[in-house]
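**Student:** I would like the entire structure built from these sequences, with the hints used as guidance.
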Amino acid sequence: MRVQNIKRSSIWKIRLSTATMTLIPAAVGINYVAKAFAEGLKLPVWLGTLGTFLASMLAGPVAGAISGFINNVIYGLTLSPVSTVYAITSIGIGIAVGVLHAKGWFSSAKKVFVSAIIIAIVSAVISTPLNVIFWGGQTGIPWGDSIFAAMIANHIPVWISSFTDEFILDILDKVVVAYLAFFIYRQLPQRMIRFFRDDK
Amino acid sequence: MDNRQQIHLENLSLRYRGIETSALKHISVDAEFGHVIGIIGNHHAGKTSLCRALAGIVPTIISGDVTGTIQVGSLSPNLDWQKYNQQTGVVLQNPAGQLSGLADTVADEIAFDLINQGVPADQIKRRVLNVADQLGLGDQLNQSPGTLSGGQKQRLAIATAIVTDPSILVLDDPTSEMDPLGRQHFFSWLVSVEKKTIFIVSNEVDDLCEIADQIWVLKAGELVAAGKPLTVFNHLKPDWQLAEPTVFRLAKLMKWSIPGGADEFPVTNQQLEEAYYAAN
Amino acid sequence: MNEPNSILQGSVAHRGWTSVIDPVTKLLMALDLALLSFCFTNLLVEIALVFVALVILLISKAGKSAVHAIEFSSFLIFTMLIIQGLFYSHNQTLLVSVVGIRFYQEGLLYAATMGCRIFVIILATSFFMTTTTVSENSKYLEQVGLSYKAVYVLMSVCYILPEMMANMKKIQMAQRARGINQQKTILEKIKSILPVLVPLVIKTLDQSMERSIALRLRGFNSPHRVALKSANLYRHEMVNHRGLSLLAIILIGWKLWIIGSKFI
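The listed protein sequences derive, respectively, from chains P, Z and Y. Quick note: the first sequence uses the working numbering, first residue 28, plus one each step. Quick note: the second sequence uses the working numbering, first residue 3, plus one each step. Quick note: the third sequence uses the working numbering, first residue 88, plus one each step.
Watch out, some of these pointers could steer you wrong.
In the SDA-like style, the derived pairs of lysine to any residue whose C-alpha atoms are separated by at most 25 Å in a straight line are [claimed, not checked]: (1) Y:Lys342 x P:Trp186; (2) Y:Lys276 x P:Trp186; (3) P:Lys62 x P:Leu199; (4) Y:Lys236 x Z:Ala123; (5) Y:Lys278 x P:Gln214; (6) P:Lys62 x Y:Gly103; (7) P:Lys69 x Y:Met255; (8) Z:Lys197 x Z:Val121; (9) P:Lys62 x Y:Phe165; (10) P:Lys62 x Y:Ile164; (11) P:Lys69 x Y:Lys236.
From the derived model, a few chain Z residues whose C-beta atoms are all more than 12 Å from chain Y [unchecked claim]: (12) Asn44; (13) Arg54; (14) Ala57; (15) Val68; (16) Ser102; (17) Asp115; (18) Ser151; (19) Arg185; (20) Glu212; (21) Ala227; (22) Asp241.
Rather than coming from a laboratory, the hints here were simulated on the basis of the structure. Every residue, glycine too, gets a C-beta built ideally from N, C-alpha and C.
**Tutor:** Now the structure itself:
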């Protein structure tokens, strides 16, 4: 067995606090489980960004963006390879949640609704081109896709049909996830919130 | 005596950020370097907080205000934590939380601390085998840490703490998930450990009496008693709500007091034997 | 995770041809295959690429994960064939008519090409997944210069998922015993998952807090850390990395050129 020195001057070096570093896998795990719940109960929403929301709220937009990115890469490598490209959407969601939370837009139930709509717009804007490139505009959720099919059957441009399909699903999903995250965040013990916030 | 060879806590207080009451209040106590110190107390007495202060977890990793002095031999967690931490092995309350989460096998898990310290590969192998043998994990070396039982995980946590051969050990309830036999093994192993200062939190007062040089009793963040097991357990106050050692209860029942006339009852097996022969 | 790659083992002499290819090369191979499939729009080329990827996977070690991933995507590809076959905007040539429903050639071709691309990506990533282990990947990534923190984040995800699934199953079993799965509306369903989801989330975050404390205590970010060498003996690492990266850049450049030239 040989031992080799690590090349520390690499451009790949990412600066992360230890707390954020262990929070990211937890966030990915939460995403995964929430998604499994949604599928198991046949909910019309994905819920697969719950962990990303919580990571952004606890440790800021960068932590959320990294969680979302890694989530899709790992999900892509293990289950659905094409979902890897939606990593870009997840980064957008992570940043949006982090910024909105920092600006106080997760402090009351009313504000959360506004946040959810903004996040849904961010998500749909980024996802639509990806849907068009990879799936010809579909989202893969049957009832959303039936809207899509109806729209292009009536000669509405693919981009508009695809955006409508995605946005309708996103609004529902992000409202549910935002309220779940809001609810869970309020249940977290203070020591935990401080731990992830202080450790910078 | 030279202060550098002493454990010296002076006016130690600890308060977590955002919480009004202090978790530790004005603790002052001295002990000898190289001794085994048993820490006991009821729920929320501050045992884990004391461990965190002794390991420097607060304020280095968890934010909090620590005031006063902690001196363990020539080292202090609040002066140069990196250096102090290299000399300290810690076992956290929850053994599963102690694992790196990134090792395929028990052997890799134990090696983690050594790799971090940059120990050469051939030494790593030797040290891992040695430590696994000491803690009875020899047969599990190629198993995944996730497949271990609670007690085995706890032994693994202890193995990772001692593999770097630290001079200070901080053990927060290290036997909570072990079965009686495992616990017995652990305490007899602890007796065999040499040249280490050991702080151990445990509810096993019988075992603590056998191995500890000193017992510290905590109540609501304050140190209410400190001294030899014999002295401490002969002067327990009811409102501390602590269990008495079995030996002590038996001797008290049978009125076998320690020879010498101080009217103290034995707390260890050996003392019990002496008291028994003196009484008969 | 199937083969332990422990510090107790020496170098592994021969475990087939896939063991002499390092993980980064494998990942780049998968990337290049995926990019190739995006550069071509011809269905025959796509089918050839699917075939190539399939052969590579079969001569290495066909994994369950590949079958799973194909199943996962097949349904979506099927709906894609129907939707595009019926409604694709460039549909002109009628191919078949089933009880009055007309399928067009252009749409079906378009959907088939896209379906092939998805299969290429699935097969290529399956090759990477079935021929590498988590610990091999983490050791190699650290060796090539990724910071240990980054390696940790990437790899610990692979370990946390099975852990979470196990936790979830336990909680779900307990919930099912209490008979909680009777709700009808969406809101009721979402409410019903709260008593399972919330404790699970808090427990997970708690564990990551503890882990972060333990890692620092155990000195993982010590400047003295040295990466362990993986037990596999790789060949032509640098040549492979550079060659495949160059190919990837050329393919991306080519595709961008084609897209760009449409606008000029």
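**Student:** Hint by hint, note whether the structure agrees.
**Tutor:** Now for the hints, and whether the structure bears them out:
For the hint pairing Lys342 of chain Y with Trp186 of chain P, the CA-to-CA distance comes to about 21 Å; that is within 25 Å, so the pair holds. Taking the CA atoms of Lys276 of chain Y and Trp186 of chain P, the gap is near 33 Å; set against the 25 Å cutoff, the hint is violated. With a C-alpha separation of about 14 Å, the suggested pair Lys62 of chain P and Leu199 of chain P falls inside the 25 Å cut-off, and the hint holds. At most 25 Å may separate the alpha-carbon atoms for a hinted pair to count; Lys236 of chain Y and Ala123 of chain Z meet this at roughly 21 Å.
As the CA atoms of Lys278 of chain Y and Gln214 of chain P are separated by approximately 15 Å, the hinted pair is consistent with the 25 Å bound. Note on Lys62 of chain P and Gly103 of chain Y: the hinted pairing is violated, with a Cα-Cα distance of about 37 Å set against a maximum of 25 Å. Distance check on the hinted pair: Lys69 of chain P and Met255 of chain Y sit about 17 Å apart at the alpha-carbon level, within 25 Å; holds. Among the hinted pairs, Lys197 of chain Z with Val121 of chain Z is consistent with the structure: their alpha-carbon atoms are about 22 Å apart, no more than 25 Å.
About 23 Å separates the Cα atoms of Lys62 of chain P and Phe165 of chain Y, which keeps this hinted pair within 25 Å; it holds. The hinted pair formed by Lys62 of chain P and Ile164 of chain Y meets the criterion: a straight-line CA distance of about 21 Å does not exceed 25 Å. A hinted pair counts as satisfied when its Cα atoms are at most 25 Å apart, and Lys69 of chain P with Lys236 of chain Y does not qualify at roughly 37 Å. Interface exclusion of Asn44 of chain Z from chain Y stands, the closest Cβ pair being 23 Å apart, more than 12 Å.
The claim that Arg54 of chain Z is not at the interface with chain Y is violated, since a C-beta of that chain comes within 12 Å of its own (minimum 9 Å). With 12 Å as the threshold on Cβ separation, the claim that Ala57 of chain Z sits away from chain Y is violated: the shortest Cβ distance comes to roughly 7 Å. No Cβ of chain Y approaches the Cβ of Val68 of chain Z within 12 Å, the least distance being about 16 Å, so the stated non-interface status holds. For Ser102 of chain Z, the shortest C-beta to C-beta distance to chain Y comes to about 7 Å, within the 12 Å cut-off, and the non-interface label is violated.
Non-interface status of Asp115 of chain Z relative to chain Y is broken: a Cβ of that chain comes within 12 Å, the nearest being about 5 Å off. Separation of Ser151 of chain Z from chain Y is adequate, the least Cβ-Cβ distance of about 15 Å exceeding the 12 Å criterion. Arg185 of chain Z, annotated as away from the interface, keeps every beta carbon of chain Y farther than 12 Å; the closest lies near 23 Å. For Glu212 of chain Z, the condition that its CB be more than 12 Å from all CB atoms of chain Y holds, with the nearest at approximately 28 Å.
The claim that Ala227 of chain Z is not at the interface with chain Y holds, since no C-beta of that chain comes within 12 Å of its own (minimum 29 Å). The beta carbon of Asp241 of chain Z is kept farther than 12 Å from every beta carbon of chain Y, the shortest such distance being approximately 32 Å.
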